[in-house]
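4 protein chains.
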Amino acid sequence: MNLSSFKDIVKNYKVVFFDSYGVLRNYKGIFAGVKEMFEYLDSQGIVSFLLTNDASRGPKELAAQFQEHGISSLTDDKIISSGMLAREYIQRKITGGTIVYLGTENSANYIKMNGVKTISIHDVDLDQNDDYQLLVLLDDEGYDWNRDLSKTVNLLRRYTMPIIVANCDTTYPLSKDKVAIATGGVANMLEPLVQKVFIRFGKPDSQMFSFAFNHIQQFGTINKHEILMVGDTLQTDILGGNKFGIDTCLVLSGNTLAKNVDVAITASGIIPNHLCESVIS
Amino acid sequence: MNLSSFKDIVKNYKVVFFDSYGVLRNYKGIFAGVKEMFEYLDSQGIVSFLLTNDASRGPKELAAQFQEHGISSLTDDKIISSGMLAREYIQRKITGGTIVYLGTENSANYIKMNGVKTISIHDVDLDQNDDYQLLVLLDDEGYDWNRDLSKTVNLLRRYTMPIIVANCDTTYPLSKDKVAIATGGVANMLEPLVQKVFIRFGKPDSQMFSFAFNHIQQFGTINKHEILMVGDTLQTDILGGNKFGIDTCLVLSGNTLAKNVDVAITASGIIPNHLCESVIS
Amino acid sequence: MNLSSFKDIVKNYKVVFFDSYGVLRNYKGIFAGVKEMFEYLDSQGIVSFLLTNDASRGPKELAAQFQEHGISSLTDDKIISSGMLAREYIQRKITGGTIVYLGTENSANYIKMNGVKTISIHDVDLDQNDDYQLLVLLDDEGYDWNRDLSKTVNLLRRYTMPIIVANCDTTYPLSKDKVAIATGGVANMLEPLVQKVFIRFGKPDSQMFSFAFNHIQQFGTINKHEILMVGDTLQTDILGGNKFGIDTCLVLSGNTLAKNVDVAITASGIIPNHLCESVIS
Amino acid sequence: MNLSSFKDIVKNYKVVFFDSYGVLRNYKGIFAGVKEMFEYLDSQGIVSFLLTNDASRGPKELAAQFQEHGISSLTDDKIISSGMLAREYIQRKITGGTIVYLGTENSANYIKMNGVKTISIHDVDLDQNDDYQLLVLLDDEGYDWNRDLSKTVNLLRRYTMPIIVANCDTTYPLSKDKVAIATGGVANMLEPLVQKVFIRFGKPDSQMFSFAFNHIQQFGTINKHEILMVGDTLQTDILGGNKFGIDTCLVLSGNTLAKNVDVAITASGIIPNHLCESVIS
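These protein sequence lines map, in sequence, to chains C, A, Y and P.
Residue 684 is where the first sequence starts when you use the numbering used here, and the numbers rise one by one after that.
Residue 684 is where the second sequence starts when you use the numbering used here, and the numbers rise one by one after that.
Residue 684 is where the third sequence starts when you use the numbering used here, and the numbers rise one by one after that.
Residue 684 is where the fourth sequence starts when you use the numbering used here, and the numbers rise one by one after that.
Don't read these hints as lab results, they were simulated from the structure.
Hints are not guaranteed to be accurate.
Copies of the same chain look alike in the list, so a pair counts if it fits in one copy or across any two.
To be verified - With a cut-off of at most 20 Å between alpha-carbon atoms, the simulated DMTMM-like pairs for lysine to aspartate or glutamate come out as follows:
1) LYS859 / ASP831
2) LYS711 / GLU751
3) LYS861 / ASP806
4) LYS859 / ASP810
5) LYS861 / ASP810
6) LYS795 / GLU824
7) LYS907 / GLU771
8) LYS861 / ASP831
9) LYS776 / GLU909
10) LYS694 / GLU960
11) LYS761 / GLU771
12) LYS861 / GLU874
13) LYS718 / GLU751
14) LYS694 / GLU909
15) LYS718 / GLU744
16) LYS859 / ASP808
17) LYS697 / GLU719
18) LYS861 / ASP813
19) LYS711 / ASP860
20) LYS711 / GLU960
21) LYS694 / ASP725
22) LYS690 / GLU909
Bear in mind the structure is a predicted one, so any value in this text is a computation, not a measurement.
Put together the whole structure using the sequences plus the hints.
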């Protein structure tokens, strides 16, 4: 596929969904030029949203990172995270009892609701039934894997409850050449051990895109052909956008390298509508 | 879980999504009492829709089967099939070239569009490039598996194109104790052989529910808590409904038997909101 | 990895296990120079065996193909096929009743035994119980996939019997750029549909190597470090040989291309002891 | 299937392969009557072996547990563990450099060899290349999962080496109703994250049975039909024995419960030759 200039591509859309890591930033911080790119979009009346697989914090915290860098258009109402889908599920489905979570205390704040107790797997006492209504995997931190993953298996063998995974990414970047295992990787380990069906939220699942599509209608009526999904990963951003029926743009500033992009597209059969070096091209 | 009367359950909702096989009918035909059940729903102002994994014919043909039995409320605008999602995908994504399909000529009628050629895998000549834009699996009939499944593998090794599966069910019932392999089973065979990502439409995927949710808004504004999904299969109907955030009712007139239901729920971790013997209970 | 001359490598071993396709031959026939290579091995007192995933014919027929080309050292007692493992299994485990097979009549000849009936899936009458003792997948030809694969599913839903797969290769080459779906591909389709455990014979499974290792002891006591496995496929020949604890040599005349070999080894983590352009290098 | 007396079954064989957990012992210790059962086998000239998926200690330590309870026939030369296969692999394949292990220091003792360095993943410094030749998963203890599993992923992304799993069990029992995640569960989590092929040792893989079969020949020539595999798990003990072509006996004192056994056999298609309540029946 041929490379295009991102500016040339984006001007044909009214709304842009941006993935975060590898598109707007990396482990070191926001890319140079991203602030100016958002100013250009604002000047053209193109509305930007962030679509991110993240359940470790709420939209306010996610937005704060961008506002610190002077990117004023990504306010918290422009952030759509997989954690928000998990939160909506919990609000619709759980009305009492106890939710067990794997994650930090901070990640649990966002799923707290009146009348529902939350407890970390770390603090669960298996021998004391506590009206368990749900297990939710929020974050890879905040519990002792050696001890608490086996405890999770035993909890799910003893009690029947739905299990939801609020971020299905399996790894996240720590530095140029180091990754850490993410919540989705933990979920993939536990699922065959307990032989239950885990409900996963986040890209490439179409529910993420459907949630975003409904969310943006508050900013004016938008049709699918007016939206562009911009991402660095074929298997999540581009596959999800393609399946949902919106146009997709692959950028080469993250997971997919310029030297591999043609092979990656051919090998996977996942074909973006557009290809750009980066969002500042 | 305790059994409830379907009438007692359904009266608390404004909209009902019905699965077809095992809920309203089986291989012999429509269940006795189903006509009267729909008349009851009509009298209560409850609007009914059919949500079915089927891409072998269009909504008009699917509706005709019910109208023949005097069920007048399931008109073609009340039918939502996985084939409709495939059609919408094609309309949004394909604007020219050739679509290759696995299925009968009849199944292909529904995906035909101006300016796009369709050809059965049966008639494809591998040595003649034909600007292939898409492969779509519509039906398990209409081609010679011995010859044309290998041909499909070779087509996908030679040309890069998206592959969509318009019905992800793996089997369908032929009689009381016989099944046939369905399109989803064929897709599961081909996918590892070509090592490409197949895009699947149909329950339990949330896009089916999202499509339905948007579709029904033309009949009046409906919220998620006003909808009941009724199905006989935990892994498709109930899982999909649960994930999408609507209430679910499992009926014991099809795939899930009364004697196994408690074990099935515990083993899978998929928990319906309600349990009924059948829709005429 | 650096390329070596096959002659330099092979002289350090007493026994060589050869894969067939991509090593000694391709779809067009035996490679030029293979006859002379075998004559060299004979002259050095190195004993050659063929290790092949094939259950479509017996060792006599497999040997005949080589003898026609003047390769006299690959006599039928030097042929070890996955079909022979299936045959041994049947001889040990089945003493009466009926064996159902998927394959040609010719493929079934080799598994016939006194006192045991064999019937093609094509001829099975599902409504007539016939003391079924085993289902065996022998070949991809000899039955109507459209009709008989669904019949196989129904047979296995109705009767409990072990299921064995006598060749786990998923495709085989038809020409330079065409493949056909092989028995292993058919097995991978059926297994999830019937949710039974299929018993697979053939490389990379260590039973194939163990069978071969025991078989060759009749030609003199051989230790593992005296054997070289030569193959063109990392995932079967090299992985299987490595796991069994014998030395392995990857040749670049078949499935693995010279330009991809370093990436293929790094990506898979399957590391051969030696790398040669071909067996005539 | 009908229950038989173990004494009636076993007297027809010359050699018995016993699984350990659920057959001879549970989390509380050796079952009452097992000592007398072994004395009966000794008196009949039937030779017993232990076949166990364990790589956390060597055969001497495994044998000691039985000898403490007065079971004198299970000497260390009668113990066959998956760790022994891993050790044999390492001895055949690794002649220098460094082996990285996941496990306790004690588990690593058994794989130590002259001229080869061993280092726990806990102590690996990713930024210092150390001529890594192999990664081996020995035990679920001895390292910090939160930190060291991500470190393992990064190690395998940076360096190419074979990866072996010396025990493919995914859980082990801690008490009547608690399990812990075992090495095989850790391996199943890591494998998709690094997309390399892990080499697994242990039941049901036939290499375990092949290794045992060769090992026992030092006690006299034994044919396959003279061996009985006794286990409590269809998917490992019985499947592995069946595939290897030896007779199998399922006991109901462990993983498979009497009330479920018929369903378990039908559902899996794994059929033992004999069924006994326990080894003391």
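**Item:** Which numbered hints fail
**Value:** none
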